[in-house]
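Work the whole structure out from these sequences, hints included.
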Amino acid sequence: MVKRLNTKEVRLFSRQEWPFFVIIVLVAAGIFALQSQAPKGIMAVVEVEGQTTVRRDLAQVEGAESLPIAGADGIALTVEFSREGARVLSSTCPDKTCQRTGLLSRAGESAVCLPGRVVLRLEGKEDRSLEADAVTG
Amino acid sequence: MGKSGRIALSGMLAALALALSFLEGLLPPLPGMPPGAKMGLSNIAVMYAAGSIGLPCALGLALVKGIFALLTRGFTAGLMSLSGGLVSTLCMWLLLKKSPASLSLTGVCGALTHNFAQLVVAYWITVTSVTLYVPFLLIFSLLTGILTGSVLKLTLPLLEKLNIANAVQKR
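Sequences listed follow chains A and B, in order.
One point on numbering: in our numbering, the residue at position 118 of the first sequence is 118, and numbering is uninterrupted.
Here our numbering runs 137 ahead of the position in the second sequence, where the first position is 1.
Since the hints were derived computationally from the structure, they do not count as laboratory data.
Keep in mind it's a predicted model, so treat the numbers as computed, not measured.
Do not take every clue at face value.
What the hints assert, rightly or not - Derived lysine to any residue pairs resembling SDA-like cross-links, with alpha carbons at most 25 Å apart:
#1 B:290 / A:22
#2 B:140 / B:210
#3 B:290 / A:96
#4 B:234 / A:67
#5 B:290 / A:19
#6 B:290 / A:66
#7 B:235 / A:9
#8 B:290 / A:67
#9 A:96 / A:67
#10 B:298 / A:67
#11 B:234 / B:165
#12 B:234 / B:250
#13 B:234 / A:15
#14 B:298 / A:11
#15 B:234 / A:20
#16 B:234 / A:96
#17 B:235 / A:11
Said to hold, decoys possible - Simulated restraints on C-beta separations:
#18 A:96 / B:292: 55 to 61 Å
#19 A:96 / B:231: 48 to 54 Å
#20 A:89 / B:210: 49 to 55 Å
#21 B:160 / A:117: 52 to 58 Å
#22 B:148 / A:90: 48 to 54 Å
#23 A:108 / B:148: 47 to 53 Å
#24 A:100 / B:299: 54 to 60 Å
#25 A:100 / B:212: 17 to 23 Å
#26 A:107 / B:140: 56 to 62 Å
#27 A:13 / B:231: 15 to 21 Å
#28 B:160 / A:66: 34 to 40 Å
#29 A:27 / B:200: 52 to 58 Å
#30 A:89 / B:294: 54 to 60 Å
#31 A:52 / B:192: 55 to 61 Å
What the hints assert, rightly or not - If the Cβ cut is set under 8 Å, some of the chain A residues that face chain B in the computed set are:
#32 6
#33 13
#34 14
#35 17
#36 20
We put the beta carbon where it would ideally sit given N, CA and C, even for glycine.
See below:
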């Protein structure tokens with residue numbers, strides 16, 4: 001079927017096509033509902049010398065939030081949390097590896113400052129229960 | 138109208154598509170939408186080309202749009218525009234030429250395929266989670282697709298008065 005694009009042959013709406021539009025809306029609503037049910041977001045964890053000092057739920061951060069962290073040997077870091085993820089904004093250590101790691105946005109990613117013995121990492125919420133099990137068991 | 142006429146018309150449509158994408162760029166970003174979500178106004182020109190001139194011309198327009206994005210907004214934007222543009226052009230051409238689909242359905246499917254091709258590329262380039270945007274993109278595609286279909290429906294009678302497409306078709 002080859003037809004021409006003109007006013008007589010092409011209509012703006014067709015009655016048979018309405019179900020398609022309704023399906024799109026339903027699918028969108030369904031996915032949205034699933035997403036809002038799922039454990040939302042990621043936890044950002046800061047550890048200094050092996051001790052967890054900060055835990056932030058990134059889904060609950062409004063805008064960008066920066067936080068000073070005091071590491072070992074007088075090394076001071078600034079960590080920034082946002083909805084998109086977490087990163088080390090600045091560090092007084094000489095090599096800046098953690099700073100260059102950039103934005104962490106997925107569970108399992110981490111930025112490590114070896115001289116300050118600071119670890120910034122992201123974990124999924126389900127990881128936390130696994131961790132708790134491991135500690136008790 | 139011979140080959141030269143068709144080339145001239147394609148050029149005009151390409152200019153129109155670029156002008157529309159530029160105009161779109163001036164609109165403020167929409168709240169709640171993924172960064173770079175656009176109304177797809179330039180798809181009107183592509184849709185018209187796919188329906189009345191032919192697939193090669195329409196794909197050419199998508200290519201020009203992609204190159205324009207590449208030159209003005211960088212590699213990522215160019216790749217996103219090109220991937221979305223080519224896939225949606227193919228989809229709209231199929232619907233317009235090979236099926237009895239209405240203009241709004243064609244617009245919506247064009248927007249959907251455009252967005253999802255881009256989503257795939259975005260997922261491939263960055264590794265951040267893009268699935269969060271899917272429901273918004275679905276609704277957004279629905280609205281903008283109906284909008285582009287309606288605009289084309291409104292402009293078609295005027296274009297027919299100019300008799301350009303007929304001249305190209307009769308050739």
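Checked hints:
no., hint, result
1, B:290 / A:22, "holds (22 Å)"
2, B:140 / B:210, "violated (33 Å)"
3, B:290 / A:96, "violated (58 Å)"
4, B:234 / A:67, "violated (58 Å)"
5, B:290 / A:19, "holds (21 Å)"
6, B:290 / A:66, "violated (51 Å)"
7, B:235 / A:9, "holds (13 Å)"
8, B:290 / A:67, "violated (55 Å)"
9, A:96 / A:67, "holds (17 Å)"
10, B:298 / A:67, "violated (65 Å)"
11, B:234 / B:165, "violated (35 Å)"
12, B:234 / B:250, "holds (17 Å)"
13, B:234 / A:15, "holds (19 Å)"
14, B:298 / A:11, "holds (18 Å)"
15, B:234 / A:20, "holds (19 Å)"
16, B:234 / A:96, "violated (58 Å)"
17, B:235 / A:11, "holds (15 Å)"
18, A:96 / B:292: 55 to 61 Å, "holds (56 Å)"
19, A:96 / B:231: 48 to 54 Å, "holds (53 Å)"
20, A:89 / B:210: 49 to 55 Å, "violated (27 Å)"
21, B:160 / A:117: 52 to 58 Å, "holds (54 Å)"
22, B:148 / A:90: 48 to 54 Å, "holds (52 Å)"
23, A:108 / B:148: 47 to 53 Å, "holds (51 Å)"
24, A:100 / B:299: 54 to 60 Å, "holds (58 Å)"
25, A:100 / B:212: 17 to 23 Å, "holds (22 Å)"
26, A:107 / B:140: 56 to 62 Å, "holds (57 Å)"
27, A:13 / B:231: 15 to 21 Å, "holds (19 Å)"
28, B:160 / A:66: 34 to 40 Å, "holds (38 Å)"
29, A:27 / B:200: 52 to 58 Å, "violated (31 Å)"
30, A:89 / B:294: 54 to 60 Å, "holds (58 Å)"
31, A:52 / B:192: 55 to 61 Å, "holds (59 Å)"
32, 6, "holds (6 Å)"
33, 13, "holds (5 Å)"
34, 14, "holds (4 Å)"
35, 17, "holds (5 Å)"
36, 20, "holds (7 Å)"
In terms of the numbered hints stated before, the structure departs from hints 2, 3, 4, 6, 8, 10, 11, 16, 20 and 29, listed from lowest to highest.
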